[in-house]
Amino acid sequence: MNRKILVGVLAIGLVALAVGWGTYSQFSDTETSVTTFSAGSLDLTINDQNGVPVTFSWNNLRPGNQPHYSLTLKNIGTIDGYLDISKIVVVSEENGLTEPEIEAGDTSPTEGELDDVLGVMLFFDKYKNDGTPGSDGWYSSGDVKIFDGYVADLPSTGFNLNELVPAGGGIDVVVEIYNWWKTPQDNQAQTDTLSITFTFLLSQNP
Amino acid sequence: MDKKILVSLLIVGLVGFALGWGTYSQFSDTETTTTVFTAGSLNLKVGDDDPVKWKIELADLLPGCSGSQSVIINNTGTINGKLSISFSDLIDKENGLTEPELALNDTEPDGELAENLYLNITIDGTVVYQGYASGILSGGITNYPLNAGVSKTFKIEYSIADGGNIIQTDVVGFTITFLLTQA
Chain G
1 MNRKILVGVL
11 AIGLVALAVG
21 WGTYSQFSDT
31 ETSVTTFSAG
41 SLDLTINDQN
51 GVPVTFSWNN
61 LRPGNQPHYS
71 LTLKNIGTID
81 GYLDISKIVV
91 VSEENGLTEP
101 EIEAGDTSPT
111 EGELDDVLGV
121 MLFFDKYKND
131 GTPGSDGWYS
141 SGDVKIFDGY
151 VADLPSTGFN
161 LNELVPAGGG
171 IDVVVEIYNW
181 WKTPQDNQAQ
191 TDTLSITFTF
201 LLSQNP
Chain Y
1 MDKKILVSLL
11 IVGLVGFALG
21 WGTYSQFSDT
31 ETTTTVFTAG
41 SLNLKVGDDD
51 PVKWKIELAD
61 LLPGCSGSQS
71 VIINNTGTIN
81 GKLSISFSDL
91 IDKENGLTEP
101 ELALNDTEPD
111 GELAENLYLN
121 ITIDGTVVYQ
131 GYASGILSGG
141 ITNYPLNAGV
151 SKTFKIEYSI
161 ADGGNIIQTD
171 VVGFTITFLL
181 TQA
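Protein sequences, first through last, are from chains G and Y.
Heads up: the first sequence runs through residues 1 to 206, numbered per my numbering.
Heads up: the second sequence runs through residues 1 to 183, numbered per my numbering.
Just chain G, same shape as in the assembly (with noise of 0.2 Å):
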């Protein structure tokens, strides 16, 4: 075949193509995508309250006495979300000097001492006294410990814990054991008021 059939054809063939592609109807379908963004939430409760600070009160306290509480922190929001106690404030106040309090040298008419005779644990309460996954609010063996000194050593910037708190529900429990064992200074601590709020920070990233 020479040369100028061969352009021929080819010619031929492209206008073919050229037909066929403008009478030709393909087979065809449409779909659209829309897309929505819904901003996820991050929402901590403690004990289900939600933007209200949870108190706790003991009047009359003395040596002896073991006041604990159990903190149920709740991440109720759509994005996990990661624990930490950001910020501790800690107020002590003598509320007068009794005759007990200056007989066993206390010399300070503002500052209280409660904060360096009572104890405090925090730990997060994971497992029972049986071994058990759970909490019952009293430490036992695979609970994790956050501090275990006196009121007075807590650090004021908290601590940095990290701990994993699933979206949807998911729950960690934190206990605080306060405990007065006797120490020489205990009637320096008469009627003496102490305050601890903590300040529990749910956020994003770790």
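Please keep in mind that the hints were generated in silico from the structure rather than gathered at the bench.
We put the beta carbon where it would ideally sit given N, CA and C, even for glycine.
Some hints could be false.
Which residues of chain G face chain Y? A few of them, derived with a C-beta cut under 10 Å, are [what the hints assert, rightly or not]:
1. Leu44
2. Tyr69
3. Leu71
4. Glu99
5. Ser195
Under the rule of at most 20 Å between Cα atoms (straight-line distance), these lysine to any residue pairs were calculated in the SDA-like manner [stated by the list, open to error]:
6. Lys93/Y / Asp106/Y
7. Lys87/G / Thr35/Y
8. Lys145/G / Thr197/G
9. Lys182/G / Leu179/Y
10. Lys182/G / Gly119/G
11. Lys82/Y / Thr197/G
12. Lys82/Y / Trp181/G
13. Lys87/G / Thr34/Y
14. Lys87/G / Thr30/Y
Label-pair ranges, simulated between beta-carbon atoms [stated by the list, open to error]:
15. Gln69/Y / Thr110/G: 40 to 48 Å
16. Ala183/Y / Pro133/G: 34 to 42 Å
17. Pro109/G / Glu157/Y: 42 to 50 Å
18. Pro184/G / Ala183/Y: 15 to 23 Å
19. Ile72/Y / Gln49/G: 45 to 53 Å
Take the given structure of chain G and dock chain Y to it, following the hints.
Okay, now just chain Y, sitting in the frame of chain G:
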């Protein structure tokens, strides 16, 4: 790609990262919990003085005499307490020998009043010590309940039945310690 372009890209990347860092704010939520403790108090008051200055002095005792002294013991604190009462520092002094004592051959260095001074010491009717002053150190009471805000009467009744001249000018003294501890 030459080196200059690589460096430029790196700088662009870093600037982009820095911008992202500065404007990126992550979700967070805080909740607080506050615990307030108020310590109680345990404060013992004997009479009107705090601290205690209660002092009894009985002068001119003589055979056949008797009497009593009392004081209010009060837990002015907010915590229930238990009271212990103990006796110490017994003094039994001759305080010099008078002629009538000498006449009775009183030659001992200590006095004789303690052996003749009869005491009935009670708190709200409960006996703390009953007997002669000479045995007072064996007396006392422990774990006597004294609740917050409660007052009790502590009473010392004394009498000298006999003894005669041998007790003349003698002096008896002792210290009473009241200790209130939390119940």
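Structure-based check of each hint:
1. For Leu44/G, the interface hint holds, since its Cβ comes within 10 Å of a Cβ in chain Y; the closest pair sits about 4 Å apart.
2. With its C-beta approaching chain Y no nearer than about 7 Å, Tyr69/G sits inside the 10 Å limit, and its interface hint holds.
3. The restraint placing Leu71/G at the interface with chain Y holds, with a minimum CB-CB distance near 6 Å, inside the 10 Å limit.
4. With 10 Å as the threshold, the beta carbon of Glu99/G comes within range of chain Y, its nearest partner Cβ sitting at about 5 Å, so the hint holds.
5. At a threshold of 10 Å, the smallest CB-CB gap from Ser195/G to chain Y is about 5 Å, leaving the interface hint in force.
6. The suggested pairing of Lys93/Y with Asp106/Y holds, with an alpha-carbon distance near 12 Å, which does not exceed 20 Å.
7. Between Lys87/G and Thr35/Y, the direct Cα distance comes to roughly 14 Å. Compliance with the 20 Å bound is thereby established for this hinted pair.
8. Pair hint Lys145/G plus Thr197/G holds up; C-alpha atoms about 19 Å apart against a cutoff of 20 Å.
9. Straight-line distance between C-alpha atoms of Lys182/G and Leu179/Y comes to about 17 Å, which keeps the hinted pair within the 20 Å bound.
10. Note on Lys182/G and Gly119/G: the hinted pairing holds, with a Cα-Cα distance of about 11 Å set against a maximum of 20 Å.
11. In summary, the hint linking Lys82/Y to Thr197/G is not supported, as the alpha carbons are separated by about 35 Å, beyond the 20 Å threshold.
12. Between the alpha carbons of Lys82/Y and Trp181/G the distance comes to roughly 19 Å, so the proposed pair stays at or under 20 Å and holds.
13. At roughly 12 Å between alpha-carbon atoms, Lys87/G and Thr34/Y fall within 20 Å of each other, so this suggested pair holds.
14. For the proposed pair Lys87/G and Thr30/Y, the alpha carbon gap of about 10 Å is at most 20 Å, so the pair holds.
15. Between Gln69/Y and Thr110/G the beta carbons are some 41 Å apart, a value that agrees with the proposed interval 40 to 48 Å.
16. For Ala183/Y and Pro133/G, the Cβ-Cβ distance of about 40 Å falls inside the hinted range of 34 to 42 Å, so the restraint holds.
17. Taken as a hint, the range 42 to 50 Å holds for the pair Pro109/G and Glu157/Y, whose Cβ atoms sit roughly 43 Å apart.
18. Here the CB-CB span from Pro184/G to Ala183/Y is close to 21 Å, well matched to the stated 15 to 23 Å.
19. Between Ile72/Y and Gln49/G the beta carbon distance is about 48 Å. The supplied range of 45 to 53 Å therefore holds.
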